[in-house]
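Residue numbers (our numbering), protein chains in the order written: chain A, 7 to 175; chain B, 7 to 175.
There could be a bad hint or two in this list.
Intra- or inter-copy, both count: the list cannot distinguish identical chains.
With a cut-off of at most 27 Å between alpha-carbon atoms, the simulated BS3-like pairs for lysine-lysine come out as follows [what the hints assert, rightly or not]:
| # | residue 1 | residue 2 |
| --- | --- | --- |
| 1 | K11 | K62 |
| 2 | K99 | K125 |
| 3 | K19 | K125 |
| 4 | K31 | K11 |
| 5 | K35 | K62 |
| 6 | K19 | K99 |
| 7 | K62 | K99 |
| 8 | K35 | K11 |
| 9 | K15 | K62 |
| 10 | K11 | K125 |
Just so you know, the hints here were simulated from the structure itself, not pulled from any lab data.
2 protein chains.
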Amino acid sequence: MNITKLVAKPLTKDAFSEFGDVIEKDGAKHFPINEGAVERFHDLADIQVDSVDGGKAIVSFFQVTTPSFFPYQFNLIERHPKGSQAFIPTDDKPVVLVVGAPTDTPQAENLHAFITNGKQGFNFHTGVWHMPLISEDVGRTFVIIDRSGPGNNCDEVTLENNMLELVLA
Amino acid sequence: MNITKLVAKPLTKDAFSEFGDVIEKDGAKHFPINEGAVERFHDLADIQVDSVDGGKAIVSFFQVTTPSFFPYQFNLIERHPKGSQAFIPTDDKPVVLVVGAPTDTPQAENLHAFITNGKQGFNFHTGVWHMPLISEDVGRTFVIIDRSGPGNNCDEVTLENNMLELVLA
């Protein structure tokens, strides 16, 4: 079994642009609304939904029920072929994520790990491979925006003879 | 000037069903994902977007920049004729909201005030009148899911000779 080490690097728009959007106020277009009482940080993610057959964007919560710890070993990744998937924490704790470009033959050596700064969410574009959400903190809740509709929207792949070992920097 | 007093009542799905969705884990359909490490509270709001002309769902943050205090007087309400608008707090503080049914002639006496329990978001359905977002707490941030696209998607009405006075119970 080959072990590939993945070191989580700070999440930035530039580093993540190949995979999706960083959802954050920093650098966002913003303007006042409600007679100046509220600032709107506008249109922070490209919400992609295949709507040909009635697919639509939905909102859900993900709540962590089992803790995961670092170094964290895994070899299963997934992708959503019919839509993007956005994750926005409801707290200010960092999140560790792993992504890979939307190829049909994902390889361990093409995966990248990032860690948020506690003020960021992220949006995986359609077909981008990713590690399923993990967290050390049971009860953590994320706002999720993804697609509901007909057809398979989740592919899972187990990387054969490869284990990923995810570590913090 | 007539003053109409509005008392904020606890937000419940039943009381709010005429106006939109309460976004909460309580009572939601939920199931385990990610090999049991995460619980998904699924499809919590009807995200409505008029997509005929290319409109789509977008994600934004609203951040409170000016505090509002109770009793709070206002007489301007708004509606979004081309889509729903969802508000999800990123903290556990209650939110006070005011809504009115999607008639073309909104009246002060047909408005209703609610207060969340600190674990709820809410989604105004298309055309539902509402008070613009207020909060006592500068810096509070909400996740917003609404529509971007061509055409006017915000109507404002000032209730003539009427002032609303919003109070907590």
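Here's how the hints hold up against the structure:
1. In this homomeric assembly, K11 and K62 never come within 27 Å of each other (Cα to Cα): the closest approach is 37 Å inside a single copy and 39 Å across copies.
2. In the homo-oligomer, the alpha carbons of K99 and K125 lie at most 27 Å apart both inside one protomer (8 Å) and across protomers (18 Å), since each shortest distance falls under that limit.
3. Proximity of K19 to K125 under the C-alpha cut-off of 27 Å is restricted to the intra-copy arrangement: shortest distance 13 Å within a copy versus 30 Å between copies.
4. Taking the shortest alpha-carbon separations for K31 and K11, neither the intra-copy value of 31 Å nor the inter-copy value of 36 Å comes in at or below 27 Å.
5. In this assembly of identical chains, the alpha carbons of K35 and K62 lie at most 27 Å apart whether taken from the same copy (25 Å) or from different copies (18 Å).
6. For the homomeric pair K19 and K99, the shortest alpha-carbon distance inside one copy (19 Å) is at most 27 Å, but the shortest distance between copies (30 Å) is not.
7. Neither within a single protomer nor between protomers do K62 and K99 lie at most 27 Å apart by alpha-carbon distance, with minima of 30 Å and 30 Å respectively.
8. In the homo-oligomer, the alpha carbons of K35 and K11 never lie at most 27 Å apart, since the shortest distance is 36 Å inside one protomer and 37 Å across protomers.
9. For the identical chains of this complex, K15 and K62 are neighbours neither inside a copy (33 Å) nor across copies (32 Å), given an alpha-carbon limit of 27 Å.
10. For the identical chains of this complex, K11 and K125 are intra-copy neighbours only, at 26 Å inside a copy versus 38 Å across copies, given an alpha-carbon limit of 27 Å.
When the structure is compared with the earlier hints, violations turn up for hints 1, 4, 7, 8, 9 and for no others.
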